[in-house]
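S.K.: Here is what each chain is made of, one letter per residue.
There are 4 protein chains.
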Amino acid sequence: MGNFKGHALPGSFFLLFGLWWSVKYPLKYACRKNKNVCYLGSRAAFQRLEFVEGIIKAVFALIGMVAEQFVPDGPHLKLYNYEKKHWDHLMNWQHATMYLFYGISGLVDIVAHGTNALPAAMDRMMLSIAVFIEGFLFCYHLHGRAMLDVHVHQLLLFAIFGAAACIFLEVFFRGSIVLEMLRTSLCILQGSWFWQIGFVLYPPNGSPEWNQTDHTNMMFLTMCYCWHYAFAFLILAVNYTIVSWAVRSKVKQSQSMEMGLLKTSERDHESEEEI
Amino acid sequence: MGNFKGHALPGSFFLLFGLWWSVKYPLKYACRKNKNVCYLGSRAAFQRLEFVEGIIKAVFALIGMVAEQFVPDGPHLKLYNYEKKHWDHLMNWQHATMYLFYGISGLVDIVAHGTNALPAAMDRMMLSIAVFIEGFLFCYHLHGRAMLDVHVHQLLLFAIFGAAACIFLEVFFRGSIVLEMLRTSLCILQGSWFWQIGFVLYPPNGSPEWNQTDHTNMMFLTMCYCWHYAFAFLILAVNYTIVSWAVRSKVKQSQSMEMGLLKTSERDHESEEEI
Amino acid sequence: MGNFKGHALPGSFFLLFGLWWSVKYPLKYACRKNKNVCYLGSRAAFQRLEFVEGIIKAVFALIGMVAEQFVPDGPHLKLYNYEKKHWDHLMNWQHATMYLFYGISGLVDIVAHGTNALPAAMDRMMLSIAVFIEGFLFCYHLHGRAMLDVHVHQLLLFAIFGAAACIFLEVFFRGSIVLEMLRTSLCILQGSWFWQIGFVLYPPNGSPEWNQTDHTNMMFLTMCYCWHYAFAFLILAVNYTIVSWAVRSKVKQSQSMEMGLLKTSERDHESEEEI
Amino acid sequence: MGNFKGHALPGSFFLLFGLWWSVKYPLKYACRKNKNVCYLGSRAAFQRLEFVEGIIKAVFALIGMVAEQFVPDGPHLKLYNYEKKHWDHLMNWQHATMYLFYGISGLVDIVAHGTNALPAAMDRMMLSIAVFIEGFLFCYHLHGRAMLDVHVHQLLLFAIFGAAACIFLEVFFRGSIVLEMLRTSLCILQGSWFWQIGFVLYPPNGSPEWNQTDHTNMMFLTMCYCWHYAFAFLILAVNYTIVSWAVRSKVKQSQSMEMGLLKTSERDHESEEEI
Numbered sequence: 000m001g002n003f004k005g006h007a008l009p010g011s012f013f014l015l016f017g018l019w020w021s022v023k024y025p026l027k028y029a030c031r032k033n034k035n036v037c038y039l040g041s042r043a044a045f046q047r048l049e050f051v052e053g054i055i056k057a058v059f060a061l062i063g064m065v066a067e068q069f070v071p072d073g074p075h076l077k078l079y080n081y082e083k084k085h086w087d088h089l090m091n092w093q094h095a096t097m098y099l100f101y102g103i104s105g106l107v108d109i110v111a112h113g114t115n116a117l118p119a120a121m122d123r124m125m126l127s128i129a130v131f132i133e134g135f136l137f138c139y140h141l142h143g144r145a146m147l148d149v150h151v152h153q154l155l156l157f158a159i160f161g162a163a164a165c166i167f168l169e170v171f172f173r174g175s176i177v178l179e180m181l182r183t184s185l186c187i188l189q190g191s192w193f194w195q196i197g198f199v200l201y202p203p204n205g206s207p208e209w210n211q212t213d214h215t216n217m218m219f220l221t222m223c224y225c226w227h228y229a230f231a232f233l234i235l236a237v238n239y240t241i242v243s244w245a246v247r248s249k250v251k252q253s254q255s256m257e258m259g260l261l262k263t264s265e266r267d268h269e270s271e272e273e274i
Numbered sequence: 000m001g002n003f004k005g006h007a008l009p010g011s012f013f014l015l016f017g018l019w020w021s022v023k024y025p026l027k028y029a030c031r032k033n034k035n036v037c038y039l040g041s042r043a044a045f046q047r048l049e050f051v052e053g054i055i056k057a058v059f060a061l062i063g064m065v066a067e068q069f070v071p072d073g074p075h076l077k078l079y080n081y082e083k084k085h086w087d088h089l090m091n092w093q094h095a096t097m098y099l100f101y102g103i104s105g106l107v108d109i110v111a112h113g114t115n116a117l118p119a120a121m122d123r124m125m126l127s128i129a130v131f132i133e134g135f136l137f138c139y140h141l142h143g144r145a146m147l148d149v150h151v152h153q154l155l156l157f158a159i160f161g162a163a164a165c166i167f168l169e170v171f172f173r174g175s176i177v178l179e180m181l182r183t184s185l186c187i188l189q190g191s192w193f194w195q196i197g198f199v200l201y202p203p204n205g206s207p208e209w210n211q212t213d214h215t216n217m218m219f220l221t222m223c224y225c226w227h228y229a230f231a232f233l234i235l236a237v238n239y240t241i242v243s244w245a246v247r248s249k250v251k252q253s254q255s256m257e258m259g260l261l262k263t264s265e266r267d268h269e270s271e272e273e274i
Numbered sequence: 000m001g002n003f004k005g006h007a008l009p010g011s012f013f014l015l016f017g018l019w020w021s022v023k024y025p026l027k028y029a030c031r032k033n034k035n036v037c038y039l040g041s042r043a044a045f046q047r048l049e050f051v052e053g054i055i056k057a058v059f060a061l062i063g064m065v066a067e068q069f070v071p072d073g074p075h076l077k078l079y080n081y082e083k084k085h086w087d088h089l090m091n092w093q094h095a096t097m098y099l100f101y102g103i104s105g106l107v108d109i110v111a112h113g114t115n116a117l118p119a120a121m122d123r124m125m126l127s128i129a130v131f132i133e134g135f136l137f138c139y140h141l142h143g144r145a146m147l148d149v150h151v152h153q154l155l156l157f158a159i160f161g162a163a164a165c166i167f168l169e170v171f172f173r174g175s176i177v178l179e180m181l182r183t184s185l186c187i188l189q190g191s192w193f194w195q196i197g198f199v200l201y202p203p204n205g206s207p208e209w210n211q212t213d214h215t216n217m218m219f220l221t222m223c224y225c226w227h228y229a230f231a232f233l234i235l236a237v238n239y240t241i242v243s244w245a246v247r248s249k250v251k252q253s254q255s256m257e258m259g260l261l262k263t264s265e266r267d268h269e270s271e272e273e274i
Numbered sequence: 000m001g002n003f004k005g006h007a008l009p010g011s012f013f014l015l016f017g018l019w020w021s022v023k024y025p026l027k028y029a030c031r032k033n034k035n036v037c038y039l040g041s042r043a044a045f046q047r048l049e050f051v052e053g054i055i056k057a058v059f060a061l062i063g064m065v066a067e068q069f070v071p072d073g074p075h076l077k078l079y080n081y082e083k084k085h086w087d088h089l090m091n092w093q094h095a096t097m098y099l100f101y102g103i104s105g106l107v108d109i110v111a112h113g114t115n116a117l118p119a120a121m122d123r124m125m126l127s128i129a130v131f132i133e134g135f136l137f138c139y140h141l142h143g144r145a146m147l148d149v150h151v152h153q154l155l156l157f158a159i160f161g162a163a164a165c166i167f168l169e170v171f172f173r174g175s176i177v178l179e180m181l182r183t184s185l186c187i188l189q190g191s192w193f194w195q196i197g198f199v200l201y202p203p204n205g206s207p208e209w210n211q212t213d214h215t216n217m218m219f220l221t222m223c224y225c226w227h228y229a230f231a232f233l234i235l236a237v238n239y240t241i242v243s244w245a246v247r248s249k250v251k252q253s254q255s256m257e258m259g260l261l262k263t264s265e266r267d268h269e270s271e272e273e274i
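Residue numbers (numbering that gives the first Met the number 0), protein chains in the order written: chain G, 0 to 274; chain F, 0 to 274; chain L, 0 to 274; chain X, 0 to 274.
Just so you know, the hints here were simulated from the structure itself, not pulled from any lab data. Where is the CB? At the ideal position from N, CA and C, for every residue including glycine.
Derived DEER-like restraints, expressed as beta-carbon distance ranges:
no.	chain 1	residue 1	chain 2	residue 2	range
1	L	22	X	204	56 to 62 angstroms
2	X	208	G	79	50 to 56 angstroms
3	X	75	G	172	50 to 56 angstroms
4	F	58	G	172	35 to 41 angstroms
5	F	138	X	240	30 to 36 angstroms
6	X	253	G	34	53 to 59 angstroms
7	G	172	F	198	39 to 45 angstroms
8	X	146	G	51	57 to 63 angstroms
9	F	138	G	215	36 to 42 angstroms
10	L	233	X	75	22 to 28 angstroms
11	X	245	F	43	26 to 32 angstroms
12	F	54	X	240	18 to 24 angstroms
13	G	34	L	43	21 to 27 angstroms
14	X	85	F	198	57 to 63 angstroms
Away from chain G, derived, C-beta distances all over 12 angstroms, residues of chain L:
no.	residue
15	146
16	209
17	244
Just chain G, same shape as in the assembly (with noise of 0.2 angstroms):
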């Protein structure tokens, strides 16, 4: 689907789940230092909520693929036309193809978390997978097309290969709060990307083309590239100190309820150099 909406898309599913990550971690790591007032901070909650992700991931997943397919110029499940012989549109199989990987990612984290039966560290193997496979086809996506259009999508692999590795990092060290930091920040990074890639590549009615030549326009949006990921940071930051002081404010509540025993700041340090 090379248009706006195209583009729009995942872009939104993207901050979506960026913008849930960048609250569900803060909450999490929150909880994890304040076990005593946090019923949320239950293990068993969190897994659910894992559980559920799985399962809106792979719904987008599904939704994706199916609209990559039937979509009124897409190929409706027809690989190779026979009759001029030449494949039929690829570049909707391709996406389609990286919208299968996230479902199989989707997949695997309903099972892991919704049975016993799979390791829980498979899930971040397999959405590292899925976002190396999205940028493994995007690498081989781009040839013949213009240099502005080649950088503009260059630059998104930067996310996409850095959140590959800081996932798979996660298999390792799960838990970190700084590696799903990192994810979530790649994750929104990637997604408004994808809008700017939308503006730049089919501006909405009325702006002006951009010249797809002109190299100080690369260097411009390389530029903005990194103002988004410091916008992706400054949302971050906005997120985690709400739900700190949410938190926060809930512990203090119920400790005066119980006449709290005023040892929460030696356990933070304590959590946090565990961490």
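Starting from the known structure of chain G, fit chains F, L and X onto it as the hints suggest.
M.R.: Just chains F, L and X now, with coordinates in the frame of chain G:
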């Protein structure tokens, strides 16, 4: 052996090993989770398996080396043609070198698991080197070939170097089910892709030749590679399910016989956390 | 700021930080080895130092950003020239972006060490990202420049990406003296190389220009880069020796006062093994 | 020193160190497994060995530097020819720089193992940097040479950067026999490949010159490189076997004398698991 057989042979070897591993590692994991019922789960049994694997690997490698040397159009151990002043059958020699390192890896397996002279981690290191050497020789193997030929072999390199990196990580994270599954999936991928290369470059009788310079063919094959990988995960999932189910049903059977303690689910959970 | 000052300024920043770290980390290590005598060795003191470092980093970054924007030939916050339809002073904007991320890193330091809201490992992650972004922007910064200009900046990239990787490792191996020394050496290298770039590309009054296309110049500068690195190690060694000697003499002094237990050497040895 | 000797000299150094390591590390490992009988196995003895190694490394590096400077056609410490306005003997200076870093590594070994001022892990870090610098300078060393010349040196880079990465890992996994063996094998490979380069580029009297532009020569040498590596493993295996056998026979001897406890095999197994 630049023909269909020359790709089908190693492909079959890798597929065989991949399929075997897709049974072995889930079995090992399931046995580790249900220690009391699984007499196969004893360390000794799996060590003996690794020993046998080493022998099979060494024998396969020997067969491969001999085949590369003594096929009718092979070098028959002649390396340099002094009359015409050029190297003789370099391709066969390179393939034989690849097999040589798998043979060394097999020998190291035999010594590491048959005696206690070598540290066990040595087997992974040697296998990692063998896989790396395979990829290394492939890199310098493709000079002057047609675009599609180069591309399908380059795709293979992802599976090869991915497997080499994964096995090297196993030196440090030995027995991690996640890495073992990753290795298995990459091994199946390599095996099935060897077959695919055979079909693409040397179409069996009747099929039309692939256009070696058509860019859409390249794009299709890149995507096809991902489908092979998805297929590898499908095989893994099926085998994993069967093995888990078999072990579980056996566990239940033995539990009902001995009026089992019914604490298995908690134990499962604990051993999962250890991972 | 493509002039001598524009390279001397960041160079001085990096040198300053490098020199400071080459005192701080040996001091920290020596204090950890001689816990009983070193009141500076308390965790709190070093945490306060990191807090102060964060403030200095943020202030420096702010100065850098303002300088890049409001130097006489700077963009004065104007990004796009609507009359001539081109981007305005992209170089300055890129440099300002680099400073921005160092500023964010400084802010994270302040929050992570000033409050206990953020996990401490966050400071390393953010610094690693700031350094990576610096390298990332440099990569896309060099288009269309002369060969020697590109080369000296590429050499810089080794120090930058090396430092980014080293700091990222520190997220997981926090407090490893080896990684801290490596980071310090790379920071000094970066600082002194910025000065070298200034001298090479904008020779101060009187000096002859460097031939930008002479290959031997490139070879010399590559070697010169290594000498800078050796020089960085010399500085590190000198500072390390002075700090060790100072702490040791203080330890002896306090020991002779309290009729010391004379077991220090064994303790040294133990704490060394812990590392 | 672009001649046969200039490659044979470093090759001999590396071979010597590789051969020595192929005795030392198996000995260390065997001693660790049989603690009671092996007086050599004491930590102190091996630390003294590392100290002596450091001295030898520093002396070798000094010899190398002096040789590069004061060979008849060397630079004699002259760096710039002011008359002809060009750099003088840059090759020799680059080689001297390589030796310089090995010298620094030797000095760090001496200080780290002779005193307890430096953390022991520092020796690996510095050696890793020395090896990396060697590879780094080689990368920029090959400009404008013939194809085969570049290729054989590029092959060398695999051994060099592989060794640098392996030694860097040893900073974190110190004393891992697997990494030590890997390092040893890469060191032997580097040594023997230096000799091979000498023979290929400067054939000794009587031999015909190699065709520098023949692609099959490149393919043969790539394969030959792998054979060198297989040969390095052969040497390692032989030395490992001899050392293991010697230690084992000595263990048995001492056991029969003291009416040994006959529990060695279990102990072996345990210490193997610790690895």
